[in-house]
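Engineer: Letter by letter, the chains look like this.
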Amino acid sequence: MTRLIPIREAILAGVILLLLILISSRFSGFVAPSNLANVFNDTAPLIILALGQMVVILTRCIDLSVAANLALTGMAVAMINVAMPGLPILVIIAIAILLGAIMGAINGVLVWKLAIPPIVVTLGTMTIFRGIIFLMSDGKWVNSHEMSPAFTGFPRTVLLGLPVLSWIAILCVIVFGVMMSRTQFGRSIFAVGGNPQAAVYTGINVGKTQFWAFVVSGALAGLTGYLWVARYAVAYVDIAGGFELEVVAACVIGGISIAGGIGSVGGAVLGALFLGVVKNALPVVNISPFWQLAISGSAILIAVAFNARAGRTKGRIILKSAETIQ
Amino acid sequence: MINTAQTRHVPDRLNSRAARLFKSWEALLLAVAIAIFVINSFASPYFLSAWNLSDATFNFTEKAMIAFAMALLIISGEIDLSVASIIALSSTAIGLALQFGAGTPELVIIGLTVGLLCGAFNGFFVTVLGLPSIVVTIGTMSLFRGISFIILGDDAFRGYPPSFSWFGQGYIYWVFTVEMLLFVIIAVIYGVLLHKTNFGRAVYAIGNNPTGALFSGIRVARVKFVLFLLTGLMSGVAAICLTSRLGSTRPSIATGMELEVVTMVVLGGVNILGGSGTIPGVVIAAFVMGLVTFGLGLLNVPGIVMSIFIGLLLIGVIALPRLWAMAATRRKA
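Chains as they are written, first to last, in the numbering used here: chain A, 48 to 373; chain B, 1330 to 1662.
Isolated chain B (complex conformation):
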């Protein structure tokens, strides 16, 4: 009797580093980004202009800032659906401070502080009370935006000082915006944090096995709390940029942005169930989403139709590899 298990192919060595890099999700994503770039430049004559491309970066810079922190949070097995509402509350606080005559530095500090406080609020409910983050952040999603509505009603804050508009409308050099610079800095910080530090290793460990992480000496609750703080802080940064760029605050600001942030993270190859994912993946995903929305915008596709693409993208990027794997196992059987 022939045992099929003994005749199976055993490779001499594992795939080389280059081969793994080539077959990775990030490589696939990069190919998609390049393809979209090429298609866009053929589809619209206005695409390949430095200033247009610079404008296009606004489509993703603010979302990506949150997406980096959200990536860590999702890798650790939690999620924060309240980020868009934190933007609303933080922006409202900035506007409120303006009414009391605060200058630009104070406005920035207030925006960041409110973001941190909101993150701490989420973190408290999740890590201290031990509640599921989905429910907590669905609750705070209503609560934070609700507070904005209480303060503003159907009113709006306007009249931000010119020095404040530097964050969302300023340029560092030629076509490179302040937001673009912030995006790069934040991407590097989170890349180092996740891939090169003990903290980053702890995030992966918690996502793969929280109990195992706890027994190997990781303070699971503290790490998760810090991740909620970071997500809140990044929402604060995004609130400053968005408020500065729009020049006004309404309670409905950034509605539905949490969906786009989560889509960006998942598209970047982060496992929604936690445990795996990379920052370079999220960076490329940010470009892909920015290029898609910008390209469709140039073709006069309305925003709500674009959201169909975002939704399909979100489901598609998770469904396709699974369909692929299912087809592969069926072929072998």
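Bound conformation, chain A alone:
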């Protein structure tokens, strides 16, 4: 079973490579390093959010409020920037992460202390957060000319050939790679998702781990909120509308089992990159961007069907249960 995960990732990496080869056979400019860097930079927010979502899904939960969290934090930091243009960017980022983490903690507390199903909690907070943005901003936009140059410039600053936005995504991937495999928190996330009962017996607090998973996801959504608003230099109620589905799609395509316990950082990143490549390739190969939604929907279905086949337990079934075999 342990070898299954790298194989699944290798298949996904192969699919992405195949996709790139197919595109480059007609449009060689697409695989030029500068363009690939652009594609990566464009996918960076999705990668960051997918990492947070991965942690939540691994603990048998789901966070549908990430996009609303992102939009709310983005609006908040944009308004702070308009009110106090002199505030250093690092403070802004700290505020964004903190604000996002608080919203994640609200989800987490409801799941942990009140044992409300995560899908209900986050469906609810998703609409509540969006509504709060409207109350905060009065439905108005914060436009680029109102933001300070330092605020909008930071994610686009080029360092060693890549924009800061890309570097933050890479940093997140490394941090999460280490966290999931080398820390107690990372291992307990797998334990909670793999078998909650067994996790309790080994001394892991299941609810608390789920709480922290939501906090992590929220903090990353907050961070992305600043990066998003700064990069696109605009904040309004509906930014990143429906983006939570794309984030879940990236995770599912990356082989993270919605039943919890199975998945990897590499999978989440590859899932996000797959969607990123498709999204950026559509206009190049002259397909209307309206295809994007249907393609990511199909990709979710294919990926989840494929992963379920691969993960089916082998061996003789003595007593069949209604969930597995019908």
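Bear in mind the hints are in silico, worked out from the structure with no lab data behind them.
Glycine residues also receive a C-beta, built at the ideal position from the N, C-alpha and C atoms.
Heads up, some of the hints might be wrong.
Unchecked claim - With a cut-off of at most 25 Å between alpha-carbon atoms, the simulated SDA-like pairs for lysine to any residue come out as follows:
#, chain 1, residue 1, chain 2, residue 2
1, A, 326, B, 1649
2, A, 187, B, 1649
3, A, 326, B, 1482
4, A, 160, B, 1482
5, A, 255, B, 1649
6, A, 326, B, 1585
7, A, 187, B, 1463
8, A, 255, A, 187
9, A, 160, B, 1656
To be verified - Calculated from the model, a selection of chain B residues having no Cβ within reach of chain A, i.e. all distances over 12 Å:
#, residue
10, 1414
11, 1584
12, 1640
Take the given structure of chain A and dock chain B to it, following the hints.
Structural biologist: Frame of chain A, contents of chain B only:
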């Protein structure tokens, strides 16, 4: 040594039927509905008018039609998040058929068929391939609406025939709308189906213990498949009503409606984890949500702020009984 377990209070008989009815979730909900009705009629002088109240029913009739089927689906332990996207696809199909000169009966048949097909598609992935319904319907949520976007782009279908607009804009008698009649008929059908038939008992059994249901001879997969079909069909009916009422189809039609449908079902006392819930509860929940949105609308509260109330309602109705129970156990301890 005194054993406290022996001295506990043992009632002579269980609560009477009337007492149980009085303490039920439905009774509480009904009280809330009446309270909202009274508050609204004081808050706005325009509330208590037959025509205004008739208009208010449009706030929930279409959602409630789906909510009845969704209630059965959630009781059986599954969920369908793609209902709003089924509306979009079904409405797009209706609009497309209109371009080829279809008449009203054909438009209705096409709307229902597309709904059924979408339901069958979801049901196939969940029951035949054995995949979790949350992921499948998140996928089809993108796929169905995605197909609408491919067909329509940023365009819209318009020009539905007057006979078609009867479904969403017609009146049966005085202020009673066609949609209201459909709502009542569908509520009765689902009420009988869930509470008075073998099929309904099977739905509860599956929700409480799928493996146990399987071993007691219930065809679990088939029942679930039928439930997905019904949810698809109801989305088709809602698509016909909504398209007829709006008079146009855009791919963004009914965006976010799945949330309101799920909220309505949960507010109606259906356990989101499956196994319990009633149709009368969902009926009252539909009225509560309709009255709240209509009342807030009369007070000039924007739609997005109303969605805060819907979100709070969704979390609140589940959280409050649990907080209550936690406080009660703490008091005893």
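Engineer: Indicate, hint by hint, whether the structure satisfies it.
Structural biologist: Hint check results:
{"no.": "1", "hint": "326/A to 1649/B", "result": "violated (43 Å)"}
{"no.": "2", "hint": "187/A to 1649/B", "result": "violated (34 Å)"}
{"no.": "3", "hint": "326/A to 1482/B", "result": "holds (16 Å)"}
{"no.": "4", "hint": "160/A to 1482/B", "result": "violated (45 Å)"}
{"no.": "5", "hint": "255/A to 1649/B", "result": "holds (21 Å)"}
{"no.": "6", "hint": "326/A to 1585/B", "result": "holds (23 Å)"}
{"no.": "7", "hint": "187/A to 1463/B", "result": "violated (34 Å)"}
{"no.": "8", "hint": "255/A to 187/A", "result": "violated (38 Å)"}
{"no.": "9", "hint": "160/A to 1656/B", "result": "holds (13 Å)"}
{"no.": "10", "hint": "1414", "result": "violated (9 Å)"}
{"no.": "11", "hint": "1584", "result": "violated (8 Å)"}
{"no.": "12", "hint": "1640", "result": "violated (4 Å)"}
Hint violations for this structure: numbers 1, 2, 4, 7, 8, 10, 11 and 12, all remaining hints satisfied.
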